[in-house]
Amino acid sequence: MNHKLIDSLVQIISSLTPEERQNLEKRLASQKPPIQKSFISIKDDPCVGMWKDREDLQNYSEPNTQEWLHAVANNPAFDFLKNPEEDIYTITDGKPFYD
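First residue of the sequence shown? That's 50 in our numbering, and the numbers climb one at a time after it.
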């Protein structure tokens, strides 16, 4: 890690006016790198490369959101969540979250 560079940046940013700092924050926010999805796709996983020639996997496609939700909702691994003792929250707990 380049500590000198970071220290210099902190010094420069600290010297900015509120207007300049706001402008910098906007510009940085617009430059966020795209989320990498390579870890999500099984087709791109290097460990799966040896299976690319398997005929039964030729027509494989990633599940969509609905398929994932259906699979999770019907997976017996989550049946414990249906137990009454797991139902510890009510509609009045916490504060609303608006995103």
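Hints listed in this document are in silico derivations from the structure and should not be mistaken for laboratory results.
Ideal Cβ positions, reconstructed from N, Cα and C, are used throughout, including at glycine.
One or more hints might be untrue.
[Claimed, not checked] Beta-carbon label-pair distances, calculated as ranges:
#1 Y147 / T66: 40 to 50 Å
#2 Y109 / Q60: 21 to 31 Å
#3 Q80 / E134: 39 to 49 Å
#4 Q60 / T114: 15 to 25 Å
#5 P67 / D128: 16 to 26 Å
#6 N124 / V59: 43 to 53 Å
#7 N132 / D56: 36 to 46 Å
#8 T139 / E116: 47 to 57 Å
(request) Check each numbered hint against the structure and report the violated ones by number, ascending. (result) Violated hints: 1, 2, 4, 5, 7 and 8; rest satisfied.
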